[in-house]
Amino acid sequence: MKILAVCGMGIGTSIMLKSNAEKAAASLGLDADVEVADIGTARGAAATADVVLTSGELAAEIGDVGIPVVVVDSFIDGDEVREKLSTALGS
Numbered sequence: 238m239k240i241l242a243v244c245g246m247g248i249g250t251s252i253m254l255k256s257n258a259e260k261a262a263a264s265l266g267l268d269a270d271v272e273v274a275d276i277g278t279a280r281g282a283a284a285t286a287d288v289v290l291t292s293g294e295l296a297a298e299i300g301d302v303g304i305p306v307v308v309v310d311s312f313i314d315g316d317e318v319r320e321k322l323s324t325a326l327g328s
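The sequence shown begins at 238 in the working numbering and counts up one residue at a time.
Mixed in with the good hints, there may be bad ones.
Here are the simulated DSS-like pairs of lysine-lysine, each with C-alpha atoms no more than 30 Å apart in a straight line [as the list claims (entries may be wrong)]:
(1) Lys260 - Lys321
(2) Lys239 - Lys321
(3) Lys255 - Lys321
(4) Lys255 - Lys239
Everything labelled a hint here was simulated from the structure, so no lab data went into it.
Turn these sequences into a full structure, and let the hints guide you.
And the structure:
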């Protein structure tokens, strides 16, 4: 499974989100590869992903990419990331 963590620049906050997404996937028993992207490359990167994790503002910019685009309010809240990932994947 591939999870895409998206922030505005693809550097800072997406790295925090990536770390929490990796922990969340492991706790859900998922074998997941988590990659980061900036908003400019997110739509293209989503073509090979199973789910996108991002903020509310950026979710609107990403739009419909044919996979779940999950809005995470706090990228540093591991519990929120796990709950929302679980819900999106039906785990």
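Hint check results:
1. Between the alpha carbons of Lys260 and Lys321 the distance comes to roughly 13 Å, so the proposed pair stays at or under 30 Å and holds.
2. Our distance criterion of 30 Å between C-alpha atoms is met by Lys239 and Lys321, whose separation comes to about 15 Å.
3. A C-alpha spacing of about 14 Å is found between Lys255 and Lys321, which places the hinted pair at or below 30 Å, so the restraint holds.
4. Distance check on the hinted pair: Lys255 and Lys239 sit about 11 Å apart at the alpha-carbon level, within 30 Å; holds.
Every hint from the earlier list agrees with this structure, and none is contradicted.
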